[in-house]
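Undergrad: Chain order of the listed sequences is D and E.
Residue numbers 33 to 139, in the working numbering, belong to the letters of the first sequence in order.
Residue numbers 191 to 376, in the working numbering, belong to the letters of the second sequence in order.
None of these hints come from the bench; they were simulated from the model.
Because the structure is a prediction, the values reported are computed rather than measured.
The beta-carbon is built from N, C-alpha and C at its ideal position, and this holds for glycine as well.
One thing to keep in mind: the hints can contain errors.
What the hints assert, rightly or not - Here are the simulated DSS-like cross-link-like pairs (lysine-lysine), alpha carbons at most 30 Å apart as the crow flies:
no.	chain 1	residue 1	chain 2	residue 2
1	E	Lys276	D	Lys69
2	D	Lys69	E	Lys246
3	E	Lys369	E	Lys246
To be verified - Residues of chain E clear of chain D, computed beta-carbon distances all greater than 10 Å:
no.	residue
4	Leu275
5	Arg278
6	Val279
7	Lys303
8	Pro349
9	Ser355
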Amino acid sequence: MGELDFQEEEIDSFLRRSMSAPVPSLPPEFDKRVIRKIGPEAGKLKRFRKTVLAGYTLTSAVVSVVAMRGQGLPWGWVDAALLGALATCALVPFIGGRSTRTPATGH
Amino acid sequence: MESDAQLVARTQNGDQEAFAALVRRHSARVHRLAASILGRDFTTDAEDVAQDVFVKVHHAIMSFRGEAEFSSWVYRIAFNRALNLKERVRFRRPHLNDMVLESFASALPGPDKLAETRERDMVLEECIFTLPEIYQSALRLYYWLGSGMDEVAELLGVPENTAKSYLHRARRKLHELMKERGYTCG
Numbered sequence: 033m034g035e036l037d038f039q040e041e042e043i044d045s046f047l048r049r050s051m052s053a054p055v056p057s058l059p060p061e062f063d064k065r066v067i068r069k070i071g072p073e074a075g076k077l078k079r080f081r082k083t084v085l086a087g088y089t090l091t092s093a094v095v096s097v098v099a100m101r102g103q104g105l106p107w108g109w110v111d112a113a114l115l116g117a118l119a120t121c122a123l124v125p126f127i128g129g130r131s132t133r134t135p136a137t138g139h
Numbered sequence: 191m192e193s194d195a196q197l198v199a200r201t202q203n204g205d206q207e208a209f210a211a212l213v214r215r216h217s218a219r220v221h222r223l224a225a226s227i228l229g230r231d232f233t234t235d236a237e238d239v240a241q242d243v244f245v246k247v248h249h250a251i252m253s254f255r256g257e258a259e260f261s262s263w264v265y266r267i268a269f270n271r272a273l274n275l276k277e278r279v280r281f282r283r284p285h286l287n288d289m290v291l292e293s294f295a296s297a298l299p300g301p302d303k304l305a306e307t308r309e310r311d312m313v314l315e316e317c318i319f320t321l322p323e324i325y326q327s328a329l330r331l332y333y334w335l336g337s338g339m340d341e342v343a344e345l346l347g348v349p350e351n352t353a354k355s356y357l358h359r360a361r362r363k364l365h366e367l368m369k370e371r372g373y374t375c376g
């Protein structure tokens with residue numbers, strides 16, 4: 033036990049000596065840099081995502097209608113299938129609750 | 191002073207100034223944590239990690255419900271982010287070979303001693319790199335970045351006693367590794 037304590041002290045002072053080096057610090061304007069980075073980019077990304085989602089929804093609806101009519105389904109069935117799908121999409125956030133997971137942590 | 195929870199709530203309502211306050215409050219620690227994972231050769235990368243972490247936090251903040259402390263959440267993101275980067279940059283790590291050490295020996299005053307110390311520090315750094323990441327981070331936070339035990343524990347997301355035991359085990363392991371390579375720690 034005595035030897036362990038001695039070793040511990042020895043390595044402790046060795047590490048203090050050997051690992052001492054200038055400590056890096058962030059530039060004073062760091063917070064402004066982060067805000068600049070997130071501001072416009074976040075807005076643009078949001079708009080882009082919305083546009084892509086709207087385009088995808090519209091295209092898939094049109095393709096579905098064409099396909100279903102091509103199979104000879106009556107308009108009533110086509111309407112019901114489309115509205116059912118849309119209603120399911122609209123209900124998902126309420127069924128599952130708001131997503132709380134982030135890729136890094138799962139909080 | 192507003193709490194983190196209040197600033198988070200304001201940020202979730204679109205208040206950029208509240209987010210800037212969160213960045214100011216936590217950036218130094220996030221940077222230290224990133225530097226402790228990446229090591230002394232990658233301090234510039236640690237700054238980039240800190241920036242990425244806050245950009246990511248901003249994107250994910252709507253999903254933060256406050257079940258954990260905001261700071262723990264941010265530090266965990268920073269830890270993972272820095273680890274990912276470390277995987278990518280480890281091949282960039284500078285390596286001092288014998289020629290470089292010899293040039294030290296011939297160019298500076300007290301050359302032999304200096305080269306010897308330099309070599310031993312380099313071996314130490316190599317030994318540190320073989321330790322588990324969490325031990326490496328604890329060592330660098332404590333010995334290089336001057337964090338107290340409470341800060342080491344908070345940044346690593348463990349109780350203080352666990353942080354102490356990380357350091358204890360890391361020191362013992364380093365002592366053994368240095369001994370195996372023929373270096374004393376005195």
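Undergrad: Decide, hint by hint, whether the structure agrees.
TA: Structure-based check of all given hints:
1. Of the pairs offered as hints, the one joining Lys276(E) and Lys69(D) holds, with about 23 Å between alpha carbons and a cut-off of 30 Å not exceeded.
2. For a cut-off of 30 Å, the pair hint linking Lys69(D) to Lys246(E) stands: about 11 Å separates their Cα positions.
3. With a C-alpha separation of about 43 Å, the suggested pairing of Lys369(E) with Lys246(E) is violated against the 30 Å cut-off.
4. The claim that Leu275(E) lies off the interface holds: its Cβ sits roughly 13 Å from the closest Cβ of chain D, which is beyond the 10 Å cut-off.
5. The claim that Arg278(E) is not at the interface with chain D holds, since no C-beta of that chain comes within 10 Å of its own (minimum 16 Å).
6. Look at Val279(E): its CB is around 15 Å from the nearest CB on chain D, clear of 10 Å, so calling it non-interface holds up.
7. With a minimum CB-CB distance of about 14 Å to chain D, Lys303(E) clears the 10 Å threshold, and the non-interface call stands.
8. With a least CB separation of 18 Å from chain D, Pro349(E) remains clear of the 10 Å interface cut-off, as annotated.
9. Here Ser355(E) stays apart from chain D, with its beta-carbon at least about 12 Å from theirs, past the 10 Å limit.
Checked against the numbered hints given earlier, the structure breaks only hint 3 and satisfies all the rest.
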